[in-house]
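A.B. asks: Chain residues, written in single-letter form:
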Amino acid sequence: MTAETADAAIPARRASNVKALRLAETVAIPVGAMVASAVAFSIFLLIIGKDPVQFWQLVWTGGFGSSFSIQNSLQRAAPLILTGLAFAIPARIGLTMIGGEGALVLGGFSAAAIAIPLVTNAVPVWITLPVMALSGMAAGGLWLGVVGWLRHARGVNETISSLLMSYIAIAIMNFFVEGALRDPASANKPSTMPIGDAYRIGSIPGTDVHWGFAAGIVLAVVLWVLMSRTTFGFAARMTGGNARAAKAQGLPVGALMVVCCVIAGACAGLAGFFEVTAIHGQANASLVAGYGFTGILVSFLARHNPLTVVPMAILFGAIAAAGGVVQRRMGMPDATVLVLQGILFVVLLVSETFYGRFKIFQPGNTGDRV
Amino acid sequence: MDHPIVTVLIAMLGGAIRVSTPFMFVALGETLTEKSGRINLGLEGTLVLGAMVAYATSYLSGNPWLGVLAAGGAGVILGGLHGYICKLPKVNDIAVGIAFMSFGTGLAFFFGKPFIQPSAPHLDSIHLGDWTGNPALAQALEVNPLFFVGIGLAIAMAWALKNTKWGLIVRMAGDSAAAAKAMGVSVDLVRFLATAAGGFMAGIGGAFLSLYYPGIWNQGLSSGQGLMAVALVIFARWDPIRCIIAALLFGAAGAIGPSLQAIGITQGYYFFNAAPYILTLVIMILSAGSKGAAREAPGELSITK
Amino acid sequence: MPFNNLSRRTLLKAGAATLASVALPFGIARAQTAVILGIVYVGPKDDFGWNQAHAVSVGTLKALPGITVVEEENVPETDAVSKSMESMINLDGANLILATSFGYYNPFVVDLAKKYPDVQFRHAAPLWNKDKDPANAGSYFPYLNQAHYVDGVAAGLSSKTGKIGFVAAKPIPSVLSNINSVLLGARSVNPAATVQVIVTGDWSLPVREAEATNALVDAGCEVITCHVDSPKVVIQTAEGRGVKTCGHNASQAPLAPTGFITGAEYKWETIYKSYADDIAAGTPLPNFLVGGYNNDMLRNTAYGAGATPEAIKAADAAIEALKGGFKIYTGTLKDNKGNVVVDKDYDNYDPYLDGMGWLLEGVQGSTT
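Chains as they are written, first to last, in this note's numbering: chain F, 743 to 1112; chain E, 225 to 529; chain Z, 2 to 369.
I should point out that these hints are in silico values taken from the structure, not numbers from a laboratory.
Treat the numbers as computed from the prediction; the structure is a model and nothing was measured.
Be a bit skeptical, because a hint or two may be false.
To be verified - With a Cα cut of at most 27 angstroms, we get these calculated DSSO-like pairs of lysine-lysine: (1) LYS1101/F / LYS311/E; (2) LYS63/Z / LYS792/F; (3) LYS761/F / LYS314/E.
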C-alpha cells in the first residue's frame, strides 16, 4: 500500500487504511526485531564456534517440530500467559510492577492451604476447585493490591515495593510449608498436604496441556476487552498516559491503580492455583520457579497488550522447551537460553524506537495522525 | 563480652561492614545515574557480570585488583549500552534495565562456567581490630579497602554534586532536561556518561562479591543484591551519604538471621532472614509520604513521575 | 558381615529386582541394544557440588560402547522436569532416565513412569515403593550420613573442645541425619562434643552461608562442616577464620590447606558403573540400589593438615567398622527436647531413620 493510493481514497476507506497500516507496523516491527535478534544470536554462536543452522533447526524441533513439542511449548506457556497479564495490566496504567512472582507463590500457597480442610472433609471437587481458585486469586490480588494502595496513598514506589513483597511472600510460604502446614509425610521436600488425585485438574481433553493454558487465553481475551473496550480501560489507559491530566479530569486515579494491581495479583494468584492443582498437587518451594519474572519479559514483548501476551508466552514456552534439546544435542549450557532471551529482549525494546519512523507505514498526510 | 545481645550486636557490626560494600557501590552508581534523570534497573545484571569478570580476570592474571578493574570495565560497557539505547526516542529505560538484567546475567552464567571450581586470588583486607583481643570483634573489624573506597566515593560524590560545575550539570539534566538544553548542555551525553559511570561502580560491587566476600563465583552468588541496591537509592533519597547508611543498615539486618540462630533463637528463621526486605519496606512506607522525598527526587526520573 | 541382618529394605530390593526382570518388556534385557540414557540435573552441572558430583560420575557411562548420554541441566522441580524427561524420550529415544534431584520423584517421575512403561526411570533418593510405584521406576542412593559420622569422629579428635558448627540448608531428614551422625561420631570419641546448627533456608545462598560460618566461628566452634549444595564458601570462609573444616559432596581439600580434616563424599560412580555393567550384560537394573560404606558407595576425602594422627587412626577404624555393618543409631537416644527418639539398635538403612525429624541431645538447633 503506497501513500498515494491512501491519499486518493475516500475518508472511510482511508481510516481503515490507516488502521491496516498501523496493524502492519505493529506486526512488521516486532517480526523484524526477532529476525534481527536471531541474526545477532547466530553471530554469537559463530563466535563461540557453534553451528547456527543446527541451533535453529533444534529450536524448531524442540519448540514446534512435532505434536509433542507443540504441547510442550503450550504447557510451559500456561503460567507465563497469566504472569504476563499480571505485568501488562498495571503497565497499562503506568505502573512497573515486578512482584508477580510473590503473588503467584502466595496464590498457590493459599489455594493449597484452603484445600486442606475441604479435601479432608471430602467436599465435592466442583466446590473445592473453585474455592481454591478464588482463594489463590484473592491472596494474589490482596498482595499486589497493597502495593497499588501504597503507591497511591503514600507514594511508595511500586517497582521496589512489589519486589520486596515478593521476597516476603516467599518467606511466608516457606515458613508455613516447613512449619504449621507441613505434611509430616513430605519428609525431604517440605510441602502442604497433597490434595490427592481426585482434586487434581487434568489436561485439556486430547492434549497434554493443562487447563491453565485455556484459562490464560480466556482471561487474556476478557482483559483485552476490559482494557480496550470499556470506560474502565479507557480511564486506565488515560491515567497511564498522564496521571496528572487524568486526575485533573476527575478520574479516580488511586482507585484505578488499586484495581489494576488487584487484577494483576489475581492473574498471578490464578497461575499459582494452576501450579498447585495441575502440576504439584500441593504447595512447596517449587512454586518459586521464576514464572513471575519471565512474565515481565513476556509482557514487554507483547507491548502490554493482553491479547499479544498469549503468542509471546508461547514463544517463551517454546524457547524453554527448545533450550533442553539444544543442551542435549549441542552440549551447550543452560545459560544459552538466557543469552538468547537477553538479546531478544534488548533488540525488541530498541525496535520500539522505529514506530512511526518508516515511511511505508505512514498515511500520506501528516495531518492524519489518529 | 559473652552476653548474647553483645554477640548479636558484634555480628551485626561485622555484617554491616562485610555485606554492605556491594550494596554501597551499586547504590552509588545508581544514584549518579538517577541524578542525571535516568533509571537503570539492570545493575543486577552488571553486578553479576562484574563478579564473573573479576573472578575470571583474577584467576587468569593472578592479580585481584586487575579483576576489580576488569569488572568496572564490563560495567562501563553494559552501562554505556544502556545509556546509548535509552537515548533513542520511545525507548523505556525501565524496560531496557530489566532486559539488561537478564542479558548481563545470561552472559555471566554462559561464560562463567569454567571459573566456578578454581580458586582465584582474593583481595586482601586491612586488620583494624587485632588490638581488641576479641576474635569476633577483630573479625568484624577486618575491612576490605573497597569499603573505604566506597565511603570516600560517596563523600566525593556528595560534594561534587553540590559544589562543582559537573555536579550542577548532572543535577540539571536530572531535574529539568529543558533547562539543561537551554543552557547548551547535551542531556543525552550527560546521561550516557552518568549511566556508564554508574555501570562502572556496579561492576566493582560485583568484584567485591566474587573476590572478597563471600569470595566465590557461582550462579547463585547474587541473590538480588543489585536489585535491592536500586531499592536502597530510593530509600536513601538520592543522597550518596544516605546510600552508605542505607547499605550499612541493610548489611546489619542481613546478619540478624544467622546470629540469632547462633545464640540459640532458632525458630522463625525465614522471617529473620527476610528482615532486610521487611525493614526496607517499612522504612520506605514510613518515609515515602514525606515532603522531603518528593522534593529530593530528580524531576526527570521516569520512576517517580 | 554386612547382610546378616536383612532389613526390610534389602528384602524389598531383592523382591523388586525379580519383579522387574519378569516385567521388563523391552530391549534392555536383550544384549547389545543401544541404550540412550537421559539425565536431568536440578542445577548447573559444574556447580562444584551435588550436580557436578553426578555429572562427573556419569562420565563412566559415556565411555562405554553402545551408550549415548543426553544431559539437561538447571531443570527446576516443576512440570519442566516431566517435559524435559518426556522430550528425551520422544525426541532422543531415551530408554533409561536418571533423575538426580529429590523433588523430581513425586509426582513427576512416578507419573511419567506410568505413562511410558517401556522406559526405565531411576531416581537419586530412597523413595521407590514396591507396592505403590511403577515397576519401571526405581531408586538409588548412598547414605552419606555414614561418611559424616566419620567426619564427626575425626572432628572430635582434631579439636580441643569438640564444638562443631554445621551450616545446614534446610531442616529436612537427609540434612538432620547428617547433623546427628556428625554428633554421634564426635561423641564416640569425645563425650562432651556438641554440634551447633545454623539453617540458611535454601540450597545455595553464598552470602548467608558465609555469614552463618562467621557466626558459628564467633560462637566458639572449632570445626565447621555443612550440608549445602556447594560448600566452597563455607570451607573457604572457615579456613580464613583459622578454624578446621570437614567437607561435603565433593573434595574441598584444596580450599583449606591448613584446616581441612576430611569430608563426606558420594561415590555415584559405583552406582552408575553397576548400571552400565547391567546394561552391557543385558541384565535388568535393580529397582532399589542403596548403600553406604558396606557396598562402596561412599568415601571420605583424603585427610588434610587439620586431622591429628589420633583422628586419622580413629576415623580409619570407624570406616572399617561401617564396612563391617557397624550401626550408628543404637541404644537409647534422646532428642534435644528430651524425647526418646531411638530406643533400640537401628540398621543404618532402616526406613525409620529416613523420616527423622529430630536433632539429638547435644545439637543446638531447631527442626522448624
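A.B. asks: Next, verify each hint and record whether it holds.
C.D. replies: Here's how the hints hold up against the structure:
Restraint check for LYS1101/F and LYS311/E: satisfied, since their Cα atoms lie roughly 22 angstroms apart, inside the 27 angstroms limit. As the CA atoms of LYS63/Z and LYS792/F are separated by approximately 22 angstroms, the hinted pair is consistent with the 27 angstroms bound. Between the alpha carbons of LYS761/F and LYS314/E the distance comes to roughly 21 angstroms, so the proposed pair stays at or under 27 angstroms and holds.
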